[in-house]
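A.B. asks: Since chain A is already given, all that's left is putting chain B on it; use the hints.
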Amino acid sequence: MRTAGAVLLGMILFAACAAPWLAPNPPNARFSNLLYAPPTWVHVGDGMAAPHVHPLRIVSRLERRFEEDRTTHVPLRWFSGGVLVSGDSEKGAPLLLLGADAFGRDRFSRLLHGSRATLALALLATLFATVLGALVGGVAGYAGGRLDTLLSRFSEFVVVLPAIYVTLALRAVMPLVLPGSTVFALLLAIFALLGWPMVARGVRAIVLVERDREYAVAARAAGASPTRLITRHLLPAARGYLGTQATLLLPAFILAESTMSYVGLGFPDTTPTWGTMLQDASNVAMLGDAPWALAPAAAIFMVVLGVNLLVQSTGRAPVQLEP
Amino acid sequence: MARFLIRRLAFALVLLVCTSSASLLLTRLAPGDVTSQLGAFPSPAEIEAARARFGLDRSPILQWGSWLSRAVRLDFGDSFLYNRPVGPLVVRAAGNTAVLAASALIVSTLLGIGLGIFTGSRRAGWLSALVRGSSVMLISVPPLLMSLMLVFVAARTRWLPTGGMLSAGTVDASWAASILDIGWHLVLPTLALALPIAAAFERLQSQSMSEAVRQPFLVAAIARGVPRRDLVWRHAWRVSIRPICGVYGLVIGSLLSGSFIVEFVTAWPGIGRLMYEGLRARDIYLVSACAAAGAGFLALGTLLSDLLLAVADPSVREDLEA
Chain A
6 MRTAGAVLLG MILFAACAAP WLAPNPPNAR FSNLLYAPPT WVHVGDGMAA
56 PHVHPLRIVS RLERRFEEDR TTHVPLRWFS GGVLVSGDSE KGAPLLLLGA
106 DAFGRDRFSR LLHGSRATLA LALLATLFAT VLGALVGGVA GYAGGRLDTL
156 LSRFSEFVVV LPAIYVTLAL RAVMPLVLPG STVFALLLAI FALLGWPMVA
206 RGVRAIVLVE RDREYAVAAR AAGASPTRLI TRHLLPAARG YLGTQATLLL
256 PAFILAESTM SYVGLGFPDT TPTWGTMLQD ASNVAMLGDA PWALAPAAAI
306 FMVVLGVNLL VQSTGRAPVQ LEP
Chain B
176 MARFLIRRLA FALVLLVCTS SASLLLTRLA PGDVTSQLGA FPSPAEIEAA
226 RARFGLDRSP ILQWGSWLSR AVRLDFGDSF LYNRPVGPLV VRAAGNTAVL
276 AASALIVSTL LGIGLGIFTG SRRAGWLSAL VRGSSVMLIS VPPLLMSLML
326 VFVAARTRWL PTGGMLSAGT VDASWAASIL DIGWHLVLPT LALALPIAAA
376 FERLQSQSMS EAVRQPFLVA AIARGVPRRD LVWRHAWRVS IRPICGVYGL
426 VIGSLLSGSF IVEFVTAWPG IGRLMYEGLR ARDIYLVSAC AAAGAGFLAL
476 GTLLSDLLLA VADPSVREDL EA
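Sequence order for the protein chains is A and B. Start counting the first sequence at 6; every next residue gets the next number (this note's numbering). Start counting the second sequence at 176; every next residue gets the next number (this note's numbering).
It should be emphasised that the hints constitute simulated quantities derived from the structure, not laboratory data. Being a predicted model, the structure only gives us computed values, none of them experimental. Don't take each hint at face value.
Label pairs and their calculated CB-CB ranges [to be verified]:
{"hint": "1", "chain 1": "A", "residue 1": "GLY248", "chain 2": "B", "residue 2": "ARG245", "range": "47 to 53 Å"}
{"hint": "2", "chain 1": "A", "residue 1": "ALA107", "chain 2": "B", "residue 2": "GLY289", "range": "55 to 61 Å"}
{"hint": "3", "chain 1": "A", "residue 1": "TRP83", "chain 2": "B", "residue 2": "MET312", "range": "32 to 38 Å"}
{"hint": "4", "chain 1": "B", "residue 1": "SER349", "chain 2": "A", "residue 2": "SER186", "range": "55 to 61 Å"}
{"hint": "5", "chain 1": "A", "residue 1": "ARG158", "chain 2": "B", "residue 2": "MET312", "range": "34 to 40 Å"}
{"hint": "6", "chain 1": "A", "residue 1": "ARG158", "chain 2": "B", "residue 2": "ALA304", "range": "42 to 48 Å"}
{"hint": "7", "chain 1": "A", "residue 1": "GLY15", "chain 2": "B", "residue 2": "ALA304", "range": "25 to 31 Å"}
{"hint": "8", "chain 1": "A", "residue 1": "CYS22", "chain 2": "B", "residue 2": "TRP301", "range": "39 to 45 Å"}
{"hint": "9", "chain 1": "B", "residue 1": "ASP232", "chain 2": "A", "residue 2": "GLY248", "range": "39 to 45 Å"}
{"hint": "10", "chain 1": "B", "residue 1": "PRO391", "chain 2": "A", "residue 2": "GLU161", "range": "49 to 55 Å"}
{"hint": "11", "chain 1": "A", "residue 1": "CYS22", "chain 2": "B", "residue 2": "VAL414", "range": "45 to 51 Å"}
Built from N, CA and C at the ideal position, the CB exists for glycine as well.
Chain A with its partners taken away, still in its complex shape (with noise of 0.2 Å):
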């Protein structure tokens, strides 16, 4: 179970990383005759021994049916153009594994290329949240007084709040449209600053007991200083901890910036995220004939299944808080 977790976050971290190798289009293209194209078969015999392709043509453009040209053949080209295998978009048979959207653009490669922004949003969130968890409840923990009270009642006052709905204000109150660089630093700030006081209660929890243990106590009584002493002796004691809490986090950020952009409040429509491109689905009359519009809620769902897969398994025992 846990190798199959981790099987499936490798190869999805490897197609993030690896997608302008392996996405058959630019995220960007449109192909104007081809909005809301089925998906591209490959064939292989019927004319032709390689793999190839037909090139498709509008039949009706009201109902969206297309049809093969199935006199021409359209071979796949390999490793041509810095890309790993691609149609021909000149004959008018790109390659669309999963369709094109309402603008004509390569679904599976905006896929491939959304999944770097959505990653690496969710990775960076949880790297600040559980980093800056770790620290305020450490120092909370260690220094105690009023210090620790006022953090404590912040970071559970936070907690009690939906997260969705406090992202989903900070969010708004920001002009509506803007660049996918802005957004991202925006949403990796709200992300972080909601996510680390669930990390910092535990934390604080985990410092109150260990800081009076024998270890601690001797390295106080060697001269270390509290930073040291917090962040070399104290925080490695909530290292699990920290883990499984991160395995937590990661998925909620994923959701949340598809979320925020399935509303409309997160990336623009021009940066191919999981969220932005999830909106193709909010079509009703449209997805019950197009199935593939769901493909990044596919992605969501492999990427949160990963991960509680590695964690299930894990058999490691939830953090023990009273000795």
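C.D. replies: The following block gives chain B in isolation, referenced to the frame of chain A:
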């Protein structure tokens, strides 16, 4: 007990005032205001009138003060989008959200605990393996994905309505018919919201149950010849229910969060959608009233989960009474 309730009520009040005030000020300070919704070319006089009506001609702090003093008298201001008082608007949307959240809570509790007791009290068997496998899968399908998937299935098969709360053309149907109609529309959003939570409940209950059946008092009961069904459904069940009650508070929060996207995907006219519309249009009073309603839900939910825990766990009960 009374002290506990008073403390909780005070916390609820603070939460309510903080969240609604914060969202009022945030929306006020955001770039753009409601006058951008006035149509293509509003005259300066129209803009002035709108700004005066929604208190935008005063400083944010003054506006907040006058809003607060009116809110105490249950006057929450007018909505610009809907051009009427926000009170009734928000109450109706909150009611719809409550219906959705309550039905999802009931479905997930019954399904999750029932199946969890079943799988937890059995070591092997293909049926419990099937349930366990589907739970692990379903936990990874959060409401956003689940609602999209169910909408797809509904659009494809036409078994269920894909969105909304009422069918078209049922305005003057009898109340029994409209309740049936609402119930019919409720199935999809409820499933989208409930299934992931039911899966988490099932896993939790199953673990807790398998620990419970190994406890000495149950071994003793087996030795005395208590029938298996009584053993599971009367004795072990009570011990194993505690962990679920413990996470109920968290679940209420996730219901509220999940219902936002489910409402959005399935066009259920709840509080999440209303708040979203308000935020986009910079409809200040609508946003703050929605935030207040959300905070109210949250306070109610945590209170409910604490009371549940007290019912299930005698030691918690003693703490509350002390």
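A.B. asks: Holds or violated: the 39 to 45 Å window for the beta-carbon distance between CYS22/A and TRP301/B?
C.D. replies: holds (40 Å)
A.B. asks: The hint says 45 to 51 Å between CYS22/A and VAL414/B; measuring C-beta to C-beta, is that right?
C.D. replies: holds (49 Å)
A.B. asks: Does the Cβ-Cβ separation between ASP232/B and GLY248/A fall within 39 to 45 Å?
C.D. replies: violated (53 Å)
A.B. asks: Between ARG158/A and ALA304/B, does the beta-carbon spacing fit 42 to 48 Å?
C.D. replies: Holds, at about 46 Å.
A.B. asks: Cβ-Cβ distance between SER349/B and SER186/A: within 55 to 61 Å?
C.D. replies: holds (56 Å)
A.B. asks: Take a look at whether the Cβ-Cβ distance between GLY248/A and ARG245/B falls inside 47 to 53 Å.
C.D. replies: holds (50 Å)
A.B. asks: Indicate whether the distance between the beta carbons of PRO391/B and GLU161/A respects the range 49 to 55 Å.
C.D. replies: violated (38 Å)
A.B. asks: Starting from the hint 32 to 38 Å, judge whether the C-beta atoms of TRP83/A and MET312/B obey it.
C.D. replies: For MET312/B against TRP83/A, whose Cβ atoms are near 36 Å apart, the range 32 to 38 Å holds.
A.B. asks: With respect to the beta-carbon atoms only, verify the hint that GLY15/A and ALA304/B lie 25 to 31 Å apart.
C.D. replies: holds (27 Å)
A.B. asks: Can you let me know if the beta-carbon spacing of ALA107/A and GLY289/B is within 55 to 61 Å?
C.D. replies: violated (43 Å)
A.B. asks: ARG158/A and MET312/B, beta-carbon distance inside 34 to 40 Å?
C.D. replies: holds (39 Å)
Going through the hint list in order, the structure does not satisfy hints 2, 9 and 10.
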